[in-house]
Structure formats: structure tokens, C-alpha cells
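Protein sequences appear in the order of chains A and B. For the first sequence, my numbering assigns the number 113 to the initial residue and increments by one for each residue that follows. For the second sequence, my numbering assigns the number 1132 to the initial residue and increments by one for each residue that follows.
Don't read these hints as lab results, they were simulated from the structure. You may find that some hints are simply not true.
Beyond 12 Å from chain B on every Cβ pair, some chain A residues (computed) [as the list claims (entries may be wrong)]:
1) L137
2) N260
3) A327
4) V372
5) A441
Mimicking DMTMM-like on lysine to aspartate or glutamate, the simulated pairs with C-alpha atoms at most 20 Å apart in a straight line are [as the list claims (entries may be wrong)]:
6) A:K512 - B:D1150
7) A:K135 - B:D1153
8) A:K512 - B:E1160
9) A:K197 - A:D329
10) B:K1237 - B:D1150
11) A:K131 - B:D1149
12) A:K135 - B:D1149
13) A:K512 - B:D1153
14) A:K135 - B:D1150
15) A:K135 - B:E1242
16) B:K1237 - B:E1140
17) A:K131 - B:D1150
18) A:K466 - B:D1236
Just so we're clear, the structure is a prediction, and the values are computed from it rather than from any experiment. C-beta: ideal position from N, C-alpha, C; glycine also.
Listed below are the residues making up each chain.
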Amino acid sequence: MNTDQIKKIRADFPILTEKVYNKDLIYFDNAATTQKPRCVVEKIEQSYYHSNANIHRGTHYLSIIATEAHEAARSAVAAFLNAGKREEIVFTRGTTEAINLVATSFGEAFCQAGDEIIISVLEHHSNIVPWQMLCERKKMKLRIIPMNDKGELNLSVYAALLNEKTRLVSVAHVSNVLGTVNPVAEMIQIAHERNIPVLIDGAQAVPHILVDVQALDADFYVFSGHKIYGPTGIGALYGKEKWLNAIPPYQGGGEMIQSVTFEKTTYNELPFKFEAGTPDYIGSTALAEALHYVQEIGIKNIADYEHELLLYATQRMNEIEGMRIIGTADHKSSVISFLVGRIHPYDLGMLLDKLGIATRTGFHCAQPLIDELGIPGTVRISFAFYNTKDEIDTFINALKRVVTMLS
Amino acid sequence: MTINELQDEIIEEFSQFDDWMDKYSLLIELGNSLSTLNEKFKTPQNIIEGCQSRVWLNAEMNDGMLIFEGESDAVLVKGIVSLLIKVLSNHTPDEILNTELYFVDKIGLKEHLSPTRSNGLVSMIKQMKMYALAFKAKQQ
Chain A
113 MNTDQIKKIR
123 ADFPILTEKV
133 YNKDLIYFDN
143 AATTQKPRCV
153 VEKIEQSYYH
163 SNANIHRGTH
173 YLSIIATEAH
183 EAARSAVAAF
193 LNAGKREEIV
203 FTRGTTEAIN
213 LVATSFGEAF
223 CQAGDEIIIS
233 VLEHHSNIVP
243 WQMLCERKKM
253 KLRIIPMNDK
263 GELNLSVYAA
273 LLNEKTRLVS
283 VAHVSNVLGT
293 VNPVAEMIQI
303 AHERNIPVLI
313 DGAQAVPHIL
323 VDVQALDADF
333 YVFSGHKIYG
343 PTGIGALYGK
353 EKWLNAIPPY
363 QGGGEMIQSV
373 TFEKTTYNEL
383 PFKFEAGTPD
393 YIGSTALAEA
403 LHYVQEIGIK
413 NIADYEHELL
423 LYATQRMNEI
433 EGMRIIGTAD
443 HKSSVISFLV
453 GRIHPYDLGM
463 LLDKLGIATR
473 TGFHCAQPLI
483 DELGIPGTVR
493 ISFAFYNTKD
503 EIDTFINALK
513 RVVTMLS
Chain B
1132 MTINELQDEI
1142 IEEFSQFDDW
1152 MDKYSLLIEL
1162 GNSLSTLNEK
1172 FKTPQNIIEG
1182 CQSRVWLNAE
1192 MNDGMLIFEG
1202 ESDAVLVKGI
1212 VSLLIKVLSN
1222 HTPDEILNTE
1232 LYFVDKIGLK
1242 EHLSPTRSNG
1252 LVSMIKQMKM
1262 YALAFKAKQQ
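Only chain A is shown next, with the shape it has when bound in the complex (with noise of 0.2 Å):
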């Protein structure tokens, strides 16, 4: 993508006007969050004013519009990940929610005392603790994946690790921290060679790889709406159909039945089984607005500059003495997790802060990889397609400047 056409996406995100402490704001914690389009908050306000009612209830006007916008962003979702079916998209509140529902209801269906599931060392903690809370509920083992020193996952221990009690992998398709990103596809063949299912965490993805669930054959693959540029509040589970037919129901409540008597209660089909209560069909709608948006710029137009940007940022700060990037993957998405020198993360992103720049600093939820990497956490950049060389020249001003300051 050439200036001119980042300078028209930039003019389509309000916020990156905005002055910080009088200073122009650059964002680079766009990992953590990307910041929204006009159109989607316009999707928003629009809905809200022109098209709110509860939907699958209604009978009347507003409610079937509703609830044709709600099925038509799930549709969208589905073509965005390139699902086979509408039904294996369920809407929940994000990848966290997503994770919660699997371990929850596969747990319930497929595991016992003995058996085990396996993660990697790079996941952040909502990859880690819904599986440490389904191992304790039933006395069943977590095997992790462990990484080499430039931050890629182990293969031959994974493939080692797979054995008759494990029940299911759950990896993240890109590392929040290290930007690694593992070779998923590679992962999810190995273990359906033992009839694995795997479940891939696109929370970090989504915004930046073209995904195919179906070139995949991921059996779970999830993500949230707000790290996509939607709002927040929504996300996706995508479940091949056999195995959300084959798990029960995650919470209870209206939308997720097919008929209630006190005596017995009977269950919705795919994917409203899973969505209890009064789904997000303003987030829902929003979101497939994102998406829209996203791929009228491309994927792949955005994987190519995000690129750039990354090699440019990490050419530009090797040149700072004391530089130590954390995560050095061949494979690498657009964050760069660093450390100067013996200068603690957090002074680092504190004095960035006040040069105007958004940067996150500490565990980024993914304590024990930090543990394991043995430092006090790290200060963490991440782009978006609408960053620019510019600000990173602007950074590494103000990198030089606090650096000294510091030392």
C-alpha cells in the first residue's frame, strides 16, 4: 500500500487525531485493541436509531430487520473464515467466552478423570486457565508445548506429547508477546492422524492472515470482533458442525430451546444452542461491518505492509544500543516485544506514554511465558495497517530519548 492510501485509511479512524499530554497520539498497542472505523461506530449508531428490536421473537418490522442483519453478519463471519456451513459460526462475546464454552461443553461430553489436553508456552492466560479449570474439575492433565529460543513451538515434542489420553489442542494461531506465528495447519494435521481434535485461538489472526478454516481442517478455530477493528463484546466460535452437534448446550436461557416444560426442556438447532439469552445483534452487525472493511482493503494488502512496517521497526531499533527483541520467529507477525539493556519494562512504556506513544508494558496475560523466558516482562509494539514509517522514526526518537534518560 502506498502514502496515499494509508493517509485515506488513517482519515477513516477519528482517533488518530487525537493529542496525548499535546502530543500527536501514535498507537502501537494495537494488539491489545485496534481502534474502529468510522463506518462500524456509524453501523452502530445506525442500528440503534433505525433498526433495534429484539430479534427471532418478533413478529413485527423492526425485529425481522433485526434479526436478518444479525444472520446476515453471521454469514459473513462464515465467509471471512471460510466456514462450510452459516450454523458452525456461534456469536459469543469474544475469544475468551469461546475458549470458556468449548472447555466447558466438550469437557462435559469427551473427557474423564486421566485424560489430558495440551497448549503451548506461548499462550496468554485465556488459553491457559479455562483448561486448568476443566484439569481440575476432572482430575485430567495439562501437557504443554515448549518453544525454542527464538520463540517457535517444539514439533517433535508436540507429536511426542499426543498419545490415547489426550482429548484436545488448544494453540494459538499467532503469539500475543512474541508475534510467532506457529505452524498451525502442520499441528492440526498431526493431531488428526490420532483423531485429535484441535482448537486454534485466531485472536491475534484474524486482523493480519488471510484464515481457512476449511484449508485448516481446524475443528474450533475463535476470535474477537474488537482486535478485528468491530466493537467490543463480540466474537466468533467456529466449531465443525459434528462436534457442536455432538457437545451440549453452554449456558441456559431463552433462544437456546426448542420447548420448556417443568419436566423437560429440549434444544434448539445449530448455531442457537449455543446462544443463550439476547445475542449482541447490535455488536453482531457492527462487527460484520469490520470485516467488510477489512477485506475491501485485503488481507493480503495488509499482511504485505504490516510487514514492512515490522522489519522496518526492527531494522530502525536494532540500531539502539542495549536492543533485545524478544521473539525472533521466521515466521513473525507485526509485534516486537523488547527490553533495553537492564531497564524495566515498565519505566520504558511510562516514558513513552508521555512522548505520546501507546505501547504496552508487563506479562501481556501470558505470565508464565514471561517466567519462562526469565525477564520482568517486556515492552510490547504491535501495528495496524493504518501505522506509518513516519511514526516509527517518531518512536525511535523517543525510544533514544527515554533510553538515556534511563540509563
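Fit chain B to the supplied structure of chain A, relying on the hints for placement.
Leaving out everything else, chain B in the frame of chain A:
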């Protein structure tokens, strides 16, 4: 000096700076000049874990006065630790318990004390007051 006089002194010291970076330069200076906590006090009991940085705090009673010593692995946090020690150390438990700490807000460093910041500072202040309460109970 009373605790409030000490607080006012700090507020005045910081008020000469308009620019954030100057305020932070002073904080870094304060952090760097805080004497390191004796290793024997860096015990698991004295550690206050935050998810961003860690703080160690030691308290002892000397002649009716509570003496605090502390340290942090982040220098900005260390700077604030040094200010908290300057303000609260060498006072009676009653004085410490009856104090409202307003200086952090006044010098514009309140964000370091937001409960979600989890740099250990909020817990440190709580812990300082707990020590005052515990030593007061011991005296009675």
C-alpha cells in the same frame, strides 16, 4: 516536619516543572538516589507483587517511630517509593493512620496509583498503613 508539611514540600518541588519529561527526570533521580534495600530484607514476606513491577517494603519500630525502607525493580516506581518513605517514615503509627495522602495526586502521578496499574504501589500504601495499625496494636 509533619507529614503534611512534607507533602507540601514535595508538591512545591514538583510544581516548578510544566513538562512531563522534567517531572519524570526528577522522579528518576529520586529513584536512583534511594539507598538500596539490604538483601536480608528482600524476603518473600516483604515483597509486594504487582503485575508490572515489584516493590519490597520493610518496617521497623524505633523509639515510637515507624521506620520504612523500600525498593522496586522499576526506577519510576522506586522514585515514588522514595517519596512515600520520605513522607511517612519516622512518624508515629497514629500520625500515619490519620494521614490522607494527597501529594501523589497533586504532583500528577496519580495514574501510578490507579488500582488497575498493578505496579505494587497501591498495595504498598495499604501495607504501610497495615504496619502502622499492627505496631499501634502492639504498643497498647
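Status of the hints after comparison with the structure:
Non-interface status of A:L137 relative to chain B is upheld: no Cβ of that chain comes within 12 Å, the nearest being about 15 Å off. The claim that A:N260 lies off the interface holds: its Cβ sits roughly 26 Å from the closest Cβ of chain B, which is beyond the 12 Å cut-off. Even its closest Cβ contact with chain B, about 38 Å, leaves A:A327 beyond 12 Å, as expected for a residue assigned away from the interface. Under the 12 Å C-beta cut-off, the non-interface status given to A:V372 relative to chain B holds; the minimum distance is some 41 Å.
Distance check on A:A441: its Cβ is at least 25 Å (rounded) from any Cβ of chain B, clearing the 12 Å threshold; non-interface status holds. The straight-line distance between the Cα atoms of A:K512 and B:D1150 is roughly 18 Å, inside the 20 Å bound, and the hint therefore holds. Simply put, A:K135 and B:D1153 have alpha-carbon atoms about 15 Å apart, close enough for the 20 Å limit, and the pair holds. Proximity of A:K512 to B:E1160 is assessed by CA-CA distance (about 18 Å); at most 20 Å being required, the pair is judged to hold.
About 14 Å separates the Cα atoms of A:K197 and A:D329, which keeps this hinted pair within 20 Å; it holds. The straight-line distance between the Cα atoms of B:K1237 and B:D1150 is roughly 15 Å, inside the 20 Å bound, and the hint therefore holds. Using a Cα cut-off of 20 Å, the hinted pair A:K131 and B:D1149 holds, with the two alpha carbons roughly 17 Å apart. Taken as a hint, the A:K135 and B:D1149 pair is honoured in the structure, with Cα atoms around 14 Å apart against an allowance of 20 Å.
With a C-alpha separation of about 16 Å, the suggested pairing of A:K512 with B:D1153 holds against the 20 Å cut-off. Taking the CA atoms of A:K135 and B:D1150, the gap is near 12 Å; set against the 20 Å cutoff, the hint holds. A threshold of 20 Å between alpha carbons decides the hint, and for A:K135 with B:E1242 the separation of about 18 Å falls inside it, so the pair holds. A threshold of 20 Å between alpha carbons decides the hint, and for B:K1237 with B:E1140 the separation of about 12 Å falls inside it, so the pair holds.
Using a Cα cut-off of 20 Å, the hinted pair A:K131 and B:D1150 holds, with the two alpha carbons roughly 15 Å apart. Between the alpha carbons of A:K466 and B:D1236 the distance comes to roughly 17 Å, so the proposed pair stays at or under 20 Å and holds.
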